[in-house]
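Taking the hints into account, I'd like the entire structure generated from these sequences.
One line per chain: the protein sequences are A and B, in this order.
Residues in the first sequence are numbered from 1 upward in steps of one, following this note's numbering.
Residues in the second sequence are numbered from 1 upward in steps of one, following this note's numbering.
Heads up, none of these hints are tricks.
Derived CB-CB ranges, DEER-like:
(1) Asn67/B <-> Gly16/A: 46 to 56 Å
(2) Phe10/A <-> Ile46/B: 18 to 28 Å
(3) Val12/A <-> Ala71/B: 40 to 50 Å
(4) Pro39/A <-> Ser12/B: 17 to 27 Å
(5) Thr20/B <-> Asp97/A: 19 to 29 Å
(6) Pro39/A <-> Gln83/B: 23 to 33 Å
(7) Leu79/A <-> Ser12/B: 40 to 50 Å
(8) Ser18/A <-> Ser74/B: 40 to 50 Å
(9) Asn62/A <-> Thr3/B: 15 to 25 Å
Derived list of chain B stretches under chain A, where covered just means 3 residues or more per stretch with a C-beta under 8 Å from a C-beta of chain A:
(10) 47 to 54
(11) 100 to 108
Simulated from the structure, these hints should not be mistaken for laboratory data.
Only a predicted model underlies this, so the values are computations on that prediction, with no experimental measurement involved.
For every residue, glycine included, the Cβ atom is placed at its ideal position computed from N, Cα and C.
If you want the building blocks of each chain, they are given just below.
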Amino acid sequence: NAGVTQTPKFQVLKTGQSMTLQCAQDMNHEYMSWYRQDPGMGLRLIHYSVGAGITDQGEVPNGYNVSRSTTEDFPLRLLSAAPSQTSVYFCASSDWDTQYFGPGTRLTVL
Amino acid sequence: AQTVTQSQPEMSVQEAETVTLSCTYDTSESDYYLFWYKQPPSRQMILVIRQEAYKQQNATENRFSVNFQKAAKSFSLKISDSQLGDAAMYFCAYRSRNNDMRFGAGTRLTVKP
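Structure below.
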């Protein structure tokens, strides 16, 4: 049972480049979410999904896109990376009350 | 929007002693969940304890317990018999029924041998 997996673990981008952070879970959870964690701050919710085909914005959605075509996968897309998006990104999936987090992706945008 | 405040950026405790981490939140909802997460240097987010707002009884998990004061919107974490492995960042989190989740800025706990 792998839980929540994220790839890649580290990524360096140049300003304006695009990329997709991958997230997958094998717990058959309907709810999945993406967070970013900046130094000195807690996690902030970017986007979330309550099931396949349904997504919604969180606290800081600008600059990010998501889609949910399957229960297992919830990719996060950066269409045009900016230095302000340098952060650690966490994906999580949830049963009815508790979230389980992936190991995180450290993204640097130069 | 809900906000979560952790007023103690850093705390220190002697090994085997007890420490309490503070958390307050602001909400107009009556039904929600509260959590404490631990984040060691590995960066992994580890669930420590959770509390459902409709339950008056304070949650307990081994050496970890909470003091949930719903009217005061307070949710503190007590760690008893502190161990070196408890050293980490601790985050308080609020989750509403519509799945919106908010985290506090964290408290860095140091455990002294």
